[in-house]
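Protein chains: 2
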Amino acid sequence: MEKYVYFFGNGAAEGKADMKEMLGGKGANLAEMTNLGIPVPPGFTISTKVCDMFYKNDKQYPEGLREEVAETLKKLEKLMGKNLGDPKDPLLVSIRSGAAVSMPGMMDTVLNLGLNDAAVEGLAGITNNPRFAYDSYRRFIQMFSNVALGMKIDVFEEILEEMKNKKNVENDLDLDANDLKELVKLYKVAFKKSQGRDFPQDPTEQLWAAIGAVFGSWNNPTAIYYRKANDIRNVVGTAVNVQSMVFGNFGDTSGTGVCFSRDPSTGENVFYGEYLMNAQGEDVVAGLRTPMAISALSDNNPVIYKELTDIKDRLEKHYKDMQDMEFTIQEGKLFILQTRNGKRTGAAAVKCAYDMVKEGLITKDVAIERVGAEQLDQLFHPMISAKARKAVKAMCSGLNASPGAATGKVVFSAEDAEAWTERGEQVLLIRKETSPEDIAGMVVSEGILTSTGGMTSHAAVVARGMGTPCIAGCKSVVISGKTFTVNGKKFVEGDWVTIDGTTGEVFEGKLELEKPVITAHVNEFLSWCDDVRWTAEREGVEKGFYIRTNADQPEDAAVAFEFGAEGIGLCRTEHMFFAPEKLGFFQEMIVADSLEARKESLKKLLVLQKDDFYGIFKAMNGLPVTIRLLDPPLHEFLPSKEEDIVDLAGRLNITVDTLKTKIASLHEHNPMLGHRGCRLGITYPEIYDMQVEAIVRACCDLEKEGVKVQPEIMIPLVGTKEELSILRKNAKNIIEEVSRQSNVILDVKVGTMIEIPRAAITADEIAAYADFFSFGTNDLTQMTYGFSRDDIGSFLPAYRDQNILHHDPFASIDKSGVGRLVATGVELGRKVKPGMKMGVCGEHGGDPRSIKFFYETGLSYVSCSPYRVPIARLAAAQSVLANRK
Amino acid sequence: MEKYVYFFGNGAAEGKADMKEMLGGKGANLAEMTNLGIPVPPGFTISTKVCDMFYKNDKQYPEGLREEVAETLKKLEKLMGKNLGDPKDPLLVSIRSGAAVSMPGMMDTVLNLGLNDAAVEGLAGITNNPRFAYDSYRRFIQMFSNVALGMKIDVFEEILEEMKNKKNVENDLDLDANDLKELVKLYKVAFKKSQGRDFPQDPTEQLWAAIGAVFGSWNNPTAIYYRKANDIRNVVGTAVNVQSMVFGNFGDTSGTGVCFSRDPSTGENVFYGEYLMNAQGEDVVAGLRTPMAISALSDNNPVIYKELTDIKDRLEKHYKDMQDMEFTIQEGKLFILQTRNGKRTGAAAVKCAYDMVKEGLITKDVAIERVGAEQLDQLFHPMISAKARKAVKAMCSGLNASPGAATGKVVFSAEDAEAWTERGEQVLLIRKETSPEDIAGMVVSEGILTSTGGMTSHAAVVARGMGTPCIAGCKSVVISGKTFTVNGKKFVEGDWVTIDGTTGEVFEGKLELEKPVITAHVNEFLSWCDDVRWTAEREGVEKGFYIRTNADQPEDAAVAFEFGAEGIGLCRTEHMFFAPEKLGFFQEMIVADSLEARKESLKKLLVLQKDDFYGIFKAMNGLPVTIRLLDPPLHEFLPSKEEDIVDLAGRLNITVDTLKTKIASLHEHNPMLGHRGCRLGITYPEIYDMQVEAIVRACCDLEKEGVKVQPEIMIPLVGTKEELSILRKNAKNIIEEVSRQSNVILDVKVGTMIEIPRAAITADEIAAYADFFSFGTNDLTQMTYGFSRDDIGSFLPAYRDQNILHHDPFASIDKSGVGRLVATGVELGRKVKPGMKMGVCGEHGGDPRSIKFFYETGLSYVSCSPYRVPIARLAAAQSVLANRK
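Protein chains in written order, with numbering that gives the first Met the number 0: chain A, 0 to 884; chain B, 0 to 884.
Treat the hints as calculated values from the structure; they're not laboratory data. We put the beta carbon where it would ideally sit given N, CA and C, even for glycine. Keep in mind that the hints are not guaranteed to be accurate.
As the list claims (entries may be wrong) - Selected chain A positions facing chain B (Cβ under 8 Å, derived; list incomplete): (1) K15; (2) A16; (3) T719; (4) I725; (5) S787; (6) F794; (7) N802.
Stated by the list, open to error - Below 30 Å or equal to it, Euclidean Cα-Cα: the simulated DSS-like pairs (lysine-lysine) are: (8) A:K703 - A:K640; (9) B:K474 - A:K58; (10) A:K640 - B:K661; (11) B:K659 - A:K640; (12) A:K661 - B:K731.
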C-alpha cells in the first residue's frame, strides 16, 4: 500500500530534505532537522499526494489514509506520553500547510488543536496555569471555527471587545483566567448560534476538520491567484503538518523568536534576529511589545544562545545557504519549529554568495545560480530607502518599465521639463505617451510616467536605454491639462511625486532615495559569470556567449562599456537625426522634390553623421559595433501640430500647404507595417548610401589614427532575399569605393535583422547575402502575434486576467510562437552558413528568461540597454550553467 | 562533337516537334512539318544552346559552329540548286529568331539575305522582274542595317519619302524599277556615311552579322522586360532559323496569307483566315490593301485551297489543337512558313476544347488543361466590344482589381452615386479610396475606380464580391473635388468614362460593351472539371477538392450557388452591421457605458442578425456555411467626419463631446494589429454570444421547417490556443442552451481562422480546440511580410520594378514565405487531428496559381468571391490534373 504519512520525532524521521515535492518545504525540513538531532517537536506530515488525489477524486481521501493517520498519531502520543483529548494531560497539536514552493500567508493554520471542555481543565492543572489554558482554548475555538468552518473572525472579536469594555481593560493580557473562562463560554454560544450545534469536543473530529480545511485552502481564490501571479506550476498540492505544540508563553523561562544565519539585508556574516520572552509568535507579529535583538540572548541566556548558534551554524553548513529559522523556548528548553533558506535583498544575495565561495562553503557555479537577476538589478539603481518605504502606501501602480526610483516635481510636457530643469528644478515627466519629439525633455527628467503604452512603448524603450526610471501604462493617472488625478485626488504641476520603476509603484510626495554603490565584490562576482559565459561550448556555435548593448550615442556606449558590454548590438542611426541640427537637414531631405535636392541635404548630414559614428567606434575601442541603417517611416520626422508645421515650413522656405500635402502623402494607416526599414533603402537608395559612407569614413579615419574598428552594417526589416541582395550590393560598392579612396583596408560586415516572420521562414535564402543575423524580437513579436505594441493596452489586461498570456510577450519572449520563429531562423541560416554569427537586439535581450532561451537556441550574443548589461552577464552565466547539467 | 545545327528540307528534318527547347517553337514545328511531307521552304535551325553558350562564354560562339553552319548551308544550296551570292541565280534566305516560348515582336528578323550588287542583277534576270529584285534589295539593306548594325530606320524612310516627293507619287508601289535602283544607291551612300564603309557584299559576312543580331536581340531591354512581365523563366535563349526565301509577290499566281484551323474568336469549327495575292506579309500588316477571306480562295484557286485545307486538317489532327499558320504561294506553289497553336479568346478556348472532346480528338483532361482560368473569366463579365476596343487607346491604367468592363457617368461620392442612379443615370464611382460607409453607393455603380489602394483594398475586395468591375490604385487619375485630371486633361462630374477591370485600362467616353452569355457547353465543360475535383485523392486528406464562396448576404449566396459554389467559406458578419437599421443599434452598443446597456443594444441586433443568417442558410440549402464572428475594430463603425459625428450624437442622444471622447479612445496607431477579431470576443464576450445565439436560432428555425443546415462558426484572428479555448467554450455553451430550448439537435462546428503567423506556428496546440481551420491569407500575408495592404502602394511599384516581388503577394500567394506558414499550419493541425477539414478564405482562394498551391498543400477547399467560382472550379481541376502526373 502507498505511504501517505511520514513521522518525525525522537531523532529520526521517515522523510528528509530532498522530499520537498512530497512533504512540502516545511515538512521536509522538519524531517531533515529531526534526523540531524536538532530539537524539533515531534509530529508527522501528510503527503502532498493526498492533496492531489483529494482534488482528482471528487474531494475524497484515498483509502487507508484515516487508518494511517490514526496509527501515526498513536506513535506520536506514545512518544510524547500524552494523548489527544486526555482530560488530565492532553496532547495539543498544530496543523499547518506546507507546499513544495513557499506561498506565504496563502493557506491556513490551526494551533492548540485537541482542547475541549475537559482537556482544558487538565491542561490548567498540569501546567498549573489556568489563564494559559483558557487563553489557548479561546484562541483555538476562534481559529478552528474560522479555518475549519468558515465563521467570520469578527463574531469573536466583538465578544472580546465587549468583555474588555466590561472589564474596563485595554489589553487582552489584562484579562484574567476567569475572564477567559467566561469568554470561552460566550464563544461557544456564538458558535452554536452560527453552526446550530455545540462546539465539537471530539479531538479526532477536530483533527480531520482541520486537515480538510488545509487541503481545502489549496484551491481558495487567493492561493490560485498567488500561484498564477508567481507563475508557480507543476506543484500538485500542499502537505499537512501535524506537530505537537510547544509554548513560548509558559513564563519567564519561555520565549519565541525568528533568526537568520546572516544579515538578510546586507548579507554580512553576522547572526541576526529578534526574540521575546514569555510570548508566542503572534505577540511578535502584533507588535505590542518590542522584541530584543538576538545578541541580547547571549547575555540573558548564554546556554540557550550557545545551543541556538550551534544549531544555526550546523544548519547553514548543512544546507549551504543562509537559514531563516523559527524557535521556541519552553521552560528553558529550545525547540526549532522551522528552517528554510532565508529571503534576502539583492545586496545580501550577492554578498552571501560571494562570502560563501570565499569560505569554501559553495562553488562559484552555485554562487552564480543563487543570485536572482532581478536581485542584482537592485544594486544598479537608486531605491526608495527602506525607512521611507515603510512609512507610505503606493497611491497606484503601472507597468515597471524601467527600474530604479525617482522623485521630482511633476511637469506635463517635454518643453516644461527642459524649462524647469534649466532653472534648477528636479522634475518628473508625466505624459499620456511620449514621442521622438520629447527626447530632450526625457533626458533631463529624473523619471518618466506615462498613462498609456506598454513595456516596449516609446517611453519605456527610451527610458531603459538612458537608465531613467519609468512607469508606463499607469491607467489610474488621469491627465487633464497641467494636472492629473488619481482616484479622485488632484495633483498640479510642481507637486512632488516619487515613482519606483522597479515595482511600478507611484507615491505622493518626495521620498528619501538611496544611491546605488557597486562594491568590488560585486564586480568580482560578475567576473565569475563572465568566465562561465566565455567558456560556453555549444554544438555548431562559436565558443562563448556574449553581451552587447543597444547604444545610439557615444555617451551611452561609454556607460555600457563600463558595465561590461562586449560590443554594440544595436546602434539606431535615426536617433541621431533627432538632434536639432541634424533634424533640420533631415526634414529638408524628406521634403525635397527631386533626387538632386535630396542628395544636397544628405551631403550636409553626411558630415554630422560621420562624427556620431566616429565617437561611437572610438568609445568601443575595437569591439564590434552593429549599426542599423534608417528604420522608422519618414513621417516620424515631420511635425504634426499646426504651430510646428508653420514653423518648419518657414524654416524650409516652403508654403504651409506644400508641407501639409507632403505630410498627408506620408500618412499611413498602419505605419508599423508601412514604408520603413529597408523599404526606404530600396525607394531612396541615396539615404542608405549616405549612411554607409558616413560609417566607412569614420572607420577609415580611426584606423588611420591607430584605433581598431569592427563595423557591422545592419539592414532592417528585410523580408526577402532580393531586398538584402540589392542593398548589400549597394553598400559593398560604397565600402569598396570609400576605403579605396582612403587607402585603408577595412573588414566591414553587412548583415540583416530578422524581424519579419517571412525573414525567419526564409532565413536560408537570406543567409546567402548576410554576414550576420540580428533577431529584432520587438517587431517579430508584433508581427507574429499581430499585436501593435502601441495599441495592446486595450486588451492586454484582459488577456493577463484570463491567463491567455502568461507573460507580456514584449517583455519576455514567447517561446512557443515567436521563439519558434527565432529557432527556425537560426537553424535555416546556419544550414547555409555553418557557425554564422547571430544575436538578438530586441528588448528581450535584457530579460533573463529570454536570455536563457536565446542561449539554448544557439545565439552568439544578446544585446540590451546599458543598464541591463550586468543583469544580462549574470543571466547569461546562469543559462550556461543550467544547460551544462 | 556536339550538334548545333539542324537541317530541314526535302521531306526530312533532323529535328521534330518535341525539340522545342533546343530548336525553339518555330524551328521545331518547321522540322515537324518537313517530316510530315508538308511543303516547307528548306533551311536549318541553329540551336538555342548556342545562344546560351554565347552569353555564358563572353559572346563567343562555341567551337566548330562556323564549320557546321557552312556545311549545312552547302547542303541547303545543293538541295535548292542555288548558291548564296550567286550573281546569276542567288539563293536568298530569311533569318528569324524563335525561342521555346513565343515572345511576339520582341526579337529581330532579316529577310532577303544574300543580295548584293551582283546578285540583285542575277535575281532580276532569272525572275525577269527587276522591280521585284531591287525592291527586295532596298528592303534588305534597310532591314540589315537596322537589325545587324543598329542604324535608325528613319534614315532610310527619309530617303524614301524624298524619292516619292520627287516622283510625285504617294505609294511605294508606284515607284518603278529604276526608282528603286536609284533608291538602293542612295541607301548605300547613307550606309557609308553612317558606318564609314561600303555596304557588305559578302553574303557570308551578311549571314553571320544577322545571326549575331538575332542572338544579341535575346537580351535587349524589351525582351528582358517581356520575359519578366510574363514570368518566363528557364528558357535558355533563342534559336536562329535560316530558311530559303519564297515570295508571294511574284505576280498574280503568287500570294500570302494567315489562317486558323478554327475561328480564334468564337472557337467554331470553321476554316478562318485571310490572304492577299501578289503580296508579301508586310503588305497584309500595312493594311493598304484589304485582304480577302480564306473562303474566297476556294473559288479563286480551288487546287491550292484544297491543298491548304488538307494541310490544316492534317496539322490540327497531328497537333490535336487549333493551328495558326502562315503560308505563301509562289507562282502557284504552296509553302507553309509556320504553324503553331493558335491564340484564342476565352470563348474560343472553351468552345475548341469542348468540340475537340466531342470529336474524339482530345480527352476531357486535355480539354481542361487547355483553357486558361483567366480566359474562362472573360465569359462571365461584360467586355468592351472588339470593334469599340480597336478604335480607341486607353488614357491610363491601374490595377485590374475586379474583372469586366463598365461605362457610366463619373461621380465622386457614394451619396452622388445613389442620387444620380435614383434619377435613372448610369454611374461610374471614382474615389481616392472607399470605406465601409460607401457601400450603398458602390452597390448602385456600374464600376468603381480608385486612385490609391491595392488588390486587396476595400474597393477591390468589395467590388470582386459584388462582381462589379473595378480598377484600383490608378495613380494617373488625380482627383480634386468633383473633377479629375489624367495627364493634364480634365474631366468633370457627369462625363462618360469606360473602364476595363479585366485589364486595368481606363477609356474616355462611352464605349460599346458586350454582355456575357453562358451557353450550355460552358456548363458541361465546367461539370467535367467538377468530376476531376470531386474524385481527387490525396494522402491524409478527405476525398475531393471543393469550391466555396465568400458571401455576406442571401443574394450573394444565391449568385454563388448558381455559379456552382459548394458552400460558403466566409460569411463576414460585420458587413451585415453596415445596413442602416443595424448600424444604429451597433453604434449604440459601442457607445454604451455599461455591460447592461451593451446587452440591451445587442438584444435588438439579435433579432435582425438572426434574419440575415436565416436567409443565408436557406439560400445554401444544406451546404456548409462558415460564419466568421465580428472581426474589424469597433472604430470602423463610428463616423470620422464632423457632421456625421454631430448627427450620430443626436441620434444616440449623447453630447458630441462624449461621442468624440469615445471615438478618440478607440483610435489605434496600427488598427490592423489592434483590438479586433477574437480580441473583441475576449473583452466583449456579449457580442460573440449574441452572434452565436443568432446563428443557432436561425438554424433551429430552419431545421424545424425541414431545411437542413451545416453551420460552421469561425473565430477570427486567433493567435493562441487559450483564446480559442475560451471562446469555443462560450460558443458551445450557447449552442447547447439554445438548441436545448428549441428542442433541436444541431451539429454546429466551431473552428478558427489561421491568419496570424503565431497561429500557423502553433497550429498543433490550436487544433485541439478547433473543428476546422480556415486560412485567412490576406492577414497572414500582411503579417508575414509586415506589409499593410493599405500602405503598400508607396513602395510596391519600386518592388515590382526591381524584381523584388515577382507577384503582388496579396493577389497571388507567396509560396516560400506565407505559403510555408500555411503548409506548417496544415501539417501541425493534421498531426493532432488527422484528416481535419481545412480551407482558405483569403482573396487568394480565387487565384489559379494559388489554388494549385493550396491543393498541393492539402487544403480541402478554397473559398472565393461568387464571380470567381467558375474560374476556381477550372483551376482546381487543373491543379488535380497537374498533380496526378
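Cross-check of the supplied hints:
no.: 1; hint: K15; in the structure: 39 Å, violated
no.: 2; hint: A16; in the structure: 37 Å, violated
no.: 3; hint: T719; in the structure: 6 Å, holds
no.: 4; hint: I725; in the structure: 6 Å, holds
no.: 5; hint: S787; in the structure: 4 Å, holds
no.: 6; hint: F794; in the structure: 5 Å, holds
no.: 7; hint: N802; in the structure: 7 Å, holds
no.: 8; hint: A:K703 - A:K640; in the structure: 46 Å, violated
no.: 9; hint: B:K474 - A:K58; in the structure: 71 Å, violated
no.: 10; hint: A:K640 - B:K661; in the structure: 22 Å, holds
no.: 11; hint: B:K659 - A:K640; in the structure: 19 Å, holds
no.: 12; hint: A:K661 - B:K731; in the structure: 52 Å, violated
Violated hints, listed in ascending order, are 1, 2, 8, 9, 12; each of the other numbered hints is respected by the structure.
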